[in-house]
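Undergrad: Note that the protein sequences, when read in sequence, are chains A and B.
Its first residue numbered 1, the first sequence is counted upward by one per residue in full-length UniProt numbering.
Its first residue numbered 1, the second sequence is counted upward by one per residue in full-length UniProt numbering.
Note that these hints are calculated values from the structure, not bench results.
One should not assume that every hint holds.
Because identical chains share one entry, a pair is satisfied inside a single copy or across any pair of copies.
As the list claims (entries may be wrong) - Quick list of in silico lysine-lysine cross-link-like pairs, BS3-like style, CA-CA up to 25 Å:
no.: 1; residue 1: K285; residue 2: K140
no.: 2; residue 1: K450; residue 2: K92
no.: 3; residue 1: K123; residue 2: K267
no.: 4; residue 1: K140; residue 2: K326
no.: 5; residue 1: K434; residue 2: K459
no.: 6; residue 1: K267; residue 2: K140
no.: 7; residue 1: K267; residue 2: K147
no.: 8; residue 1: K285; residue 2: K267
no.: 9; residue 1: K457; residue 2: K330
no.: 10; residue 1: K406; residue 2: K326
no.: 11; residue 1: K285; residue 2: K422
There are 2 protein chains.
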Amino acid sequence: MAASLGVCRLHFRSLGGLDRFCLGLEPQTQRRCTSTIPAIKTPTGSKTADFVKKSKTFQAIQEERREQAERSVLISCPAKFSEKKFLDFFSKHGTVNKHFFYNSFGAYAVVEFSNKESIASLKESTGIPAVDHEAAVPFKSRLLSLKWPGIQSSNYPTPNFKEQSPPNIGDISNLLLQKHSVDEQLRCLTETLQLTEENISLRFLVCSLLGDIAGAYFPECIIRPFGSTVNSFGKLGCDVDMILDLDGIYARSQKKGSGLSLEYQVKTGPSERAVTQSILSVVGKCVDQFGPGCVGVQNILQARCPIVRFAHQPSGFQCDLTANNKVAMKSSELLFLYGHLDPRVRHLVFSVRCWARAHSITSSIPGAWITNFSLTVMVVFFLQQRSPAMLPTLDRLKELAGPSDKCVIEGNDCTIVSDLSKIALQKNTDTLEKLLQEFFEFYGNFPFNKASINIRKGKEQSKPEAAALHIQNPFEATLNVSKNVNAAQLERFVKLCQESAWLFQQKENLEPGSTQSNGSVSPWGFAALLAPSVASGTGVKSRRKKKTEPASSRIKNLLDSLKIKGGETVAKKGSANSSR
Amino acid sequence: MAASLGVCRLHFRSLGGLDRFCLGLEPQTQRRCTSTIPAIKTPTGSKTADFVKKSKTFQAIQEERREQAERSVLISCPAKFSEKKFLDFFSKHGTVNKHFFYNSFGAYAVVEFSNKESIASLKESTGIPAVDHEAAVPFKSRLLSLKWPGIQSSNYPTPNFKEQSPPNIGDISNLLLQKHSVDEQLRCLTETLQLTEENISLRFLVCSLLGDIAGAYFPECIIRPFGSTVNSFGKLGCDVDMILDLDGIYARSQKKGSGLSLEYQVKTGPSERAVTQSILSVVGKCVDQFGPGCVGVQNILQARCPIVRFAHQPSGFQCDLTANNKVAMKSSELLFLYGHLDPRVRHLVFSVRCWARAHSITSSIPGAWITNFSLTVMVVFFLQQRSPAMLPTLDRLKELAGPSDKCVIEGNDCTIVSDLSKIALQKNTDTLEKLLQEFFEFYGNFPFNKASINIRKGKEQSKPEAAALHIQNPFEATLNVSKNVNAAQLERFVKLCQESAWLFQQKENLEPGSTQSNGSVSPWGFAALLAPSVASGTGVKSRRKKKTEPASSRIKNLLDSLKIKGGETVAKKGSANSSR
Chain A
1 MAASLGVCRL HFRSLGGLDR FCLGLEPQTQ RRCTSTIPAI KTPTGSKTAD FVKKSKTFQA
61 IQEERREQAE RSVLISCPAK FSEKKFLDFF SKHGTVNKHF FYNSFGAYAV VEFSNKESIA
121 SLKESTGIPA VDHEAAVPFK SRLLSLKWPG IQSSNYPTPN FKEQSPPNIG DISNLLLQKH
181 SVDEQLRCLT ETLQLTEENI SLRFLVCSLL GDIAGAYFPE CIIRPFGSTV NSFGKLGCDV
241 DMILDLDGIY ARSQKKGSGL SLEYQVKTGP SERAVTQSIL SVVGKCVDQF GPGCVGVQNI
301 LQARCPIVRF AHQPSGFQCD LTANNKVAMK SSELLFLYGH LDPRVRHLVF SVRCWARAHS
361 ITSSIPGAWI TNFSLTVMVV FFLQQRSPAM LPTLDRLKEL AGPSDKCVIE GNDCTIVSDL
421 SKIALQKNTD TLEKLLQEFF EFYGNFPFNK ASINIRKGKE QSKPEAAALH IQNPFEATLN
481 VSKNVNAAQL ERFVKLCQES AWLFQQKENL EPGSTQSNGS VSPWGFAALL APSVASGTGV
541 KSRRKKKTEP ASSRIKNLLD SLKIKGGETV AKKGSANSSR
Chain B
1 MAASLGVCRL HFRSLGGLDR FCLGLEPQTQ RRCTSTIPAI KTPTGSKTAD FVKKSKTFQA
61 IQEERREQAE RSVLISCPAK FSEKKFLDFF SKHGTVNKHF FYNSFGAYAV VEFSNKESIA
121 SLKESTGIPA VDHEAAVPFK SRLLSLKWPG IQSSNYPTPN FKEQSPPNIG DISNLLLQKH
181 SVDEQLRCLT ETLQLTEENI SLRFLVCSLL GDIAGAYFPE CIIRPFGSTV NSFGKLGCDV
241 DMILDLDGIY ARSQKKGSGL SLEYQVKTGP SERAVTQSIL SVVGKCVDQF GPGCVGVQNI
301 LQARCPIVRF AHQPSGFQCD LTANNKVAMK SSELLFLYGH LDPRVRHLVF SVRCWARAHS
361 ITSSIPGAWI TNFSLTVMVV FFLQQRSPAM LPTLDRLKEL AGPSDKCVIE GNDCTIVSDL
421 SKIALQKNTD TLEKLLQEFF EFYGNFPFNK ASINIRKGKE QSKPEAAALH IQNPFEATLN
481 VSKNVNAAQL ERFVKLCQES AWLFQQKENL EPGSTQSNGS VSPWGFAALL APSVASGTGV
541 KSRRKKKTEP ASSRIKNLLD SLKIKGGETV AKKGSANSSR
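Extracted from the complex, chain A is given alone in its bound form:
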């Protein structure tokens, strides 16, 4: 516990997407780290997201979640209350299908009704608050505050709050050290970091709330999450990427008879881009002026892909809204598909991303860093190279597609099979440990200077241009998804791969570490890979020194130093739960 606080403070910013969340994170971080509940835990009581709904297509799953979100409300609650009374109250307006509580700048609940009509009934009985010395913008959303009359009874139990943020790296390390094999560690890592069922519900609800704002003018529009929220590789705390899908507006039947007909008079812009900018600018303004809980709104409309960025305080999410980014949505579906073919794919991706973030290979700041998307494509490509191959090529996914899967976006054929059961996999029984080790070896020796990574063919291709790292965009063959990466960043990645491969070659690093006299365990397995490295530029020792000192020793020293700092803080707070 003591260690966790220090590590948390040191590393939190380099871990989650949440660090871009401009409201600051101290309250949450402290809550987790100074809690008297044992620090080493997976998100309490959350159901693990059921990512293996093989019978349902990507679209069907998204549609189902979207529809659930439309029947849901977000409720600000007192810190302590009777859950029974809470449910009795909401049940007056209809059957409550699901509900859960969480903390984020206060206590909140998500309540999902069986029928959408219950929302109307609820709103009917909801008032506009009287605000002292201020005036309210009377915008009626589905974000409501529950008023509990009388004095708060401390007898009420704290409800079971579902965790919505990832554990800090200290907690993760401690958790990993308790496992019995590298494979167990990597599975545990995924379970700890992945989005929970509740977190995904909350993400869809935030999209749905935003949809109420955008839908005011474009009733048939839908705000859809894409990227991490839906691609099966999302981590707790990552941003919510959203797309404003206006396709439904044009979908109405336009009778083209020979007689009279009507058209809407509309404003026009010089290009689709200009119209997108215009629509996003209005939505951004509305979110800023009316959207309850929406703060820090930025209109970044001159970007290649115009976005509106804002923080949604009640959910704790950083949100990026874009429009008409259909290829991005298709890419999400592709990753989702790869993530569902074999559970080892997700374990490997979560591990590689966590490793990359710990070594600052990825960053939340735009720049020359490798992105999570590029890393994921690299993992997919690596798995296509296995013998026998663990994942099919993109061309194969296209061959398997049915007529209804046909999809062309801006001239690019983005067709992939939607029915996972059509995909026959080869029998590959590699362990996660082996896969991770060989991943590092593969990219530690990859001819980046001349070869391009191409998951469509599942083979290296000749580099068509001079970029340091060339990864062909899966759906836009002429684009390089890692165009931003410079030679220095690539070199750091390669060196870290080599170093990690070397660490895993030392067999003592793959066995559970010995317990020290103070009760702590020496870092081993995946935990050993997370320690600062010379190649990453975050190490404190020279390369020469490193070579003479095993990584486990370096990590141990680091953890020891952190424990001291953490112990001081915990002692100040009078916690009896110090692990020293």
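On the provided structure of chain A, position chain B as indicated by the hints.
TA: For chain B alone, coordinates are given in the frame of chain A:
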């Protein structure tokens, strides 16, 4: 005809509120002036607005018109078409209650259905246009374009277009000269300038279309016209003043039990003014970016009363949207009430306003000019001074009010009787000629230096402050509605009153003028009052010269000079309709 063109070009800018309409007026002006239809005409075939619905209250009339507007659509049409086919087409979607056509930057139709459901049916069959080289903002409003297939048949008659702009001053002068008495002239002036039933419908429809934009976020809000559109003194071409009424939002039942309750989470602003500014700024942005036909949007939010100003091209209206201006709405009701008690009130107000505008006593530009509202209050005050009094005091209107009329706005008691039948008038049989003459005499001799005009008491009061002109605000007793007027403007007004009183004292000016050798009639009666004056600063002759030359002669000279200019233009256009 020839004269009308010249006068039209010279005087149009000083006549109507339309001159503020930033899109320019040339097409309309030319259409009227060069038409082969006789220039002297009242708006063709329009029903005169039925202002004497004594059985209905102000509120009931407004509500009825609002509800009609919600069942209406605005249609852009070809220039020529079969009215029967037009109606057959719309009848497919439901019973058409009313319809009319008009011209404004193209041909338009207003179609009012019996049921609101017809609008939904119509929209269902309406498409988003494909625009070449541009992109459409797919906002679906009730402004639609009718597409007529095939080649336009020139055999189709031009439909009967209802006039929506006021005649120019030349046409008005010619019209007045054909009458047989000053009373006939003044009644004719009102009939010519007043809003038609169709124009009022169009105004409510524009408010309703704007309501669809504002209502997207505030579903219970209503955009209500106030001022000229509803106060019974509106002139064709005047601006549409609108109020964003948010009261409905707060009107829901807020059960204040002892149990749990819900409140909307809302954004707040430091003051009601800040929130109003915020809401108006978003509405303004939406109108600008999405509102079809809405151009020249200006957000004037720092003004004492924040407004969004824009031109609505399809209707030709200049619109000013404000919020929460309840006193202004009550003032409209008060004027409406005075306007309905005796038809002479409206005749006198229309005459005085037309006279004031012809002499630039009023202006569409903000400044030290006397406003139309001030002039109207001055007429009301004058009529309260008659013996027997023609109009009751505001205090009397308050005494007659029933319990449901009770109205307090921001601490001011704004109660007035709504049921006109409760108001018993004294028998006053003054002619319009006498009233107008005595109006000029009354204000030509009014002790503006010490007295305040007060229609609440119906008596002069001591001036409470040093303003040049003091007219107590009817509902906010501490305010002066003519605070903006400076001494120079007041002096011009007084001198013009004296001059006009003098002109009417010359009995020859009150009889129909003699017909000249060229067929024109010498200006007389009210037409004689519209000629340029020395006091107004628009005359070309010195005061000395004026005194030796009768006004009729000056006006005749002016008209003659205009005829030459106009004749040239008409000749160029090859019209056979020259009056020379």
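Undergrad: How do K457 and K330 come out at 25 Å by Cα distance, when the copy is not named: within, between, both, or neither?
TA: The answer is within: 18 Å in one copy meets 25 Å, while 75 Å across copies does not.
Undergrad: Using 25 Å as the alpha-carbon threshold, which applies to K406 and K326: within, between, both, or neither?
TA: within (14 Å within a copy, 58 Å between copies)
Undergrad: Pop the pair K434 and K459 into one bin, within, between, both or neither, using alpha-carbon distances up to 25 Å.
TA: Within one copy, since 21 Å is at most 25 Å while 101 Å is not.
Undergrad: How do K140 and K326 come out at 25 Å by Cα distance, when the copy is not named: within, between, both, or neither?
TA: Only across copies: K140 and K326 sit 23 Å apart there, 31 Å inside one copy, limit 25 Å.
Undergrad: I want to check one pair: K450 and K92. Are their C-alpha atoms no more than 25 Å apart within a copy, between two copies, both, or neither?
TA: neither (67 Å within a copy, 68 Å between copies)
Undergrad: At most 25 Å between CA atoms: does that hold for K123 and K267 within a copy, between copies, both, or neither?
TA: between (34 Å within a copy, 17 Å between copies)
Undergrad: How do K267 and K140 come out at 25 Å by Cα distance, when the copy is not named: within, between, both, or neither?
TA: Between copies, since 10 Å is at most 25 Å while 28 Å is not.
Undergrad: As a check of your reading, is K285 near K422 (CA-CA no more than 25 Å) within one copy, between copies, both or neither?
TA: Neither way: K285 and K422 sit 46 Å apart in one copy and 50 Å across, limit 25 Å.
Undergrad: At 25 Å max between alpha carbons, let me know whether K267 reaches K147 within a copy, between copies, both or neither.
TA: between (44 Å within a copy, 18 Å between copies)
Undergrad: Indicate which option fits the pair K285, K267 if close means a Cα-Cα distance not exceeding 25 Å: within, between, both or neither.
TA: Close inside one copy (19 Å) and across copies (13 Å); limit 25 Å.
Undergrad: My question is about K285 and K140: at a cut-off of 25 Å on alpha-carbon distance, are they close within one copy, between copies, both, or neither?
TA: Result: close both inside a copy and across copies, 17 Å intra and 20 Å inter.
Hints 2, 11 from the earlier list are contradicted by this structure; the remaining hints agree with it.
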